[in-house]
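A.B. asks: Sequence:
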Amino acid sequence: MSEQALRQQIQNLKKHNARLARLARDARSKLSAALDGTGLCLWQLDVPTGKLIIYNRRWGSMLGYQPKELSAQFDVWREHLHPDDKQMVLDAFYDHLHGNTPFYEALHRMQHKNGTVSWVLDRGRVSEWDEHGNPIKVTGTHIDMTKEKQYEEQLALLANHDPLTGLANRHALLKHFSALKTQGPLCVAFIDLDDFKTVNDTFGHRSGDELLIQLSRRLRETCPQGSIVGRLGGDEFVLLLPFPLSSLWVNSTAHSCLRAALTPFELDNGQAQVGASIGIDEVQAQDDFVNALRRADQSMYQIKHTGKNGVAIGSTLISISRTGTDA
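Just so you know, we're using full-length UniProt numbering here: the sequence shown kicks off at 1 and counts up by one.
Hints listed in this document are in silico derivations from the structure and should not be mistaken for laboratory results.
Hints should not be assumed to be uniformly reliable.
Unchecked claim - Listed next, the in silico EDC-like pairs over lysine to aspartate or glutamate satisfying Cα-Cα at most 20 Å (straight line):
1) 197 to 210
2) 308 to 153
3) 149 to 85
4) 175 to 210
5) 86 to 75
6) 175 to 236
7) 51 to 79
8) 137 to 46
9) 137 to 105
10) 175 to 287
11) 51 to 75
12) 137 to 95
13) 181 to 287
14) 113 to 75
15) 68 to 79
What the hints assert, rightly or not - Between beta-carbon pairs, the in silico distance windows are:
16) 307 to 271: 46 to 56 Å
17) 84 to 154: 14 to 24 Å
18) 154 to 271: 44 to 54 Å
19) 68 to 178: 51 to 61 Å
20) 99 to 150: 45 to 55 Å
21) 136 to 101: 14 to 24 Å
22) 151 to 101: 23 to 33 Å
23) 204 to 68: 26 to 36 Å
Yeah, the Cβ is synthetic: ideal placement off N, Cα and C, and Gly gets one too.
Please put together the full structure from these sequences, using the hints given.
C.D. replies: Have a look at this one:
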């Protein structure tokens, strides 16, 4: 081959290589754009060097970093694993590298630049081995799951808590009742507010909601440790008190809850007052939640029929005046 022909062949190869490089850059750009729209990060790890190839910018941005602010290294990724999840994630990763599992997968937390937590679903698989069967490259994906985890937490909160007050709802009360009943004596208190309709009629329903929120805070602060405060709906509240009916804790909690209801409420459009009728009864061995609640409700109606604004502890009736004096 003549020297001129050789030069021409070299020139053609350079043009071909340049064309392939342009095609590769164009393909990576298109891939990056497509992946960025999905919230998914595609990565490849060179195992011997620890170098990471990130095929789009999503990995750094999901942790709050600008492009190239984070070094694309395995050690950097490992440093950003949440301390409580780090060992679990690394165990799963090395289990796959050692051939113990067909792929690597972990749902875990990573530390965001601003100090918060990002949830990531991490998947990967060895994609290249050396002649001795040792893994050389691992290819995988990161998917940002933070919004999904927040949504799950919100659903869990709604499933067990009253949306207005944050107190335990009926579903949660059932679970707490079953657990507490096995641990020892238990009393159920049924609270129905007196004159709450007047507040709604006079101040409006938004102010009525604010009163319920304030009362919920007072009840939480009033009830002893280990008690459960719940709301069935409207102006009906339930307490689960892990004490026998004869306990001084039951008596003092009853007085405190009444005073919590009697203390005036400062609302945006004025001051409101309500009272409360409370019935308390002890849970029997054969009781389920519905039966125990029914008996507490029946005790509460003893107060309703004798002038409201008091508590029935079993068959004992107590009333409290607006000034806090027992009658």
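A.B. asks: Work down the list of hints and note, for each, if the structure agrees.
C.D. replies: Hints, verified against the model:
1. Simply put, residue 197 and residue 210 have alpha-carbon atoms about 14 Å apart, close enough for the 20 Å limit, and the pair holds.
2. A C-alpha spacing of about 40 Å is found between residue 308 and residue 153, which places the hinted pair above 20 Å, so the restraint is violated.
3. A distance of roughly 15 Å separates the Cα atoms of residue 149 and residue 85; the hinted pair therefore holds under the 20 Å criterion.
4. Of the pairs offered as hints, the one joining residue 175 and residue 210 is violated, with about 27 Å between alpha carbons and a cut-off of 20 Å exceeded.
5. The straight-line distance between the Cα atoms of residue 86 and residue 75 is roughly 12 Å, inside the 20 Å bound, and the hint therefore holds.
6. A threshold of 20 Å between alpha carbons decides the hint, and for residue 175 with residue 236 the separation of about 19 Å falls inside it, so the pair holds.
7. A C-alpha spacing of about 14 Å is found between residue 51 and residue 79, which places the hinted pair at or below 20 Å, so the restraint holds.
8. For the given pair, residue 137 sits about 5 Å from residue 46 by alpha-carbon distance, which is consistent with the 20 Å threshold.
9. With a C-alpha separation of about 16 Å, the suggested pairing of residue 137 with residue 105 holds against the 20 Å cut-off.
10. Restraint check for residue 175 and residue 287: satisfied, since their Cα atoms lie roughly 14 Å apart, inside the 20 Å limit.
11. The hinted pair formed by residue 51 and residue 75 meets the criterion: a straight-line CA distance of about 9 Å does not exceed 20 Å.
12. About 15 Å separates the Cα atoms of residue 137 and residue 95, which keeps this hinted pair within 20 Å; it holds.
13. Distance check on the hinted pair: residue 181 and residue 287 sit about 9 Å apart at the alpha-carbon level, within 20 Å; holds.
14. Pair hint residue 113 plus residue 75 holds up; C-alpha atoms about 16 Å apart against a cutoff of 20 Å.
15. Distance restraint check for residue 68 and residue 79: the Cα-Cα separation of roughly 16 Å lies within the 20 Å cut-off, and the hinted pair is therefore satisfied.
16. The hinted range of 46 to 56 Å is not satisfied by residue 307 and residue 271, whose Cβ atoms lie roughly 23 Å apart.
17. Range check, residue 84 to residue 154: Cβ separation about 22 Å, and the 14 to 24 Å hint holds.
18. Between residue 154 and residue 271 the Cβ separation comes to about 34 Å, which falls outside the hinted range of 44 to 54 Å.
19. Look at residue 68 against residue 178: about 55 Å separates their beta carbons, and that is inside 51 to 61 Å.
20. Distance hint for residue 99 and residue 150: a CB-CB separation of about 36 Å, inconsistent with the stated range 45 to 55 Å.
21. Distance hint check: the CB atoms of residue 136 and residue 101 are about 18 Å apart, consistent with the given range 14 to 24 Å.
22. At roughly 29 Å, the beta-carbon separation of residue 151 and residue 101 lies within the given 23 to 33 Å, and the hint holds.
23. At roughly 56 Å, the beta-carbon separation of residue 204 and residue 68 lies outside the given 26 to 36 Å, and the hint is violated.
Of the numbered hints stated above, those contradicted by the structure are hints 2, 4, 16, 18, 20, 23, listed in ascending order.
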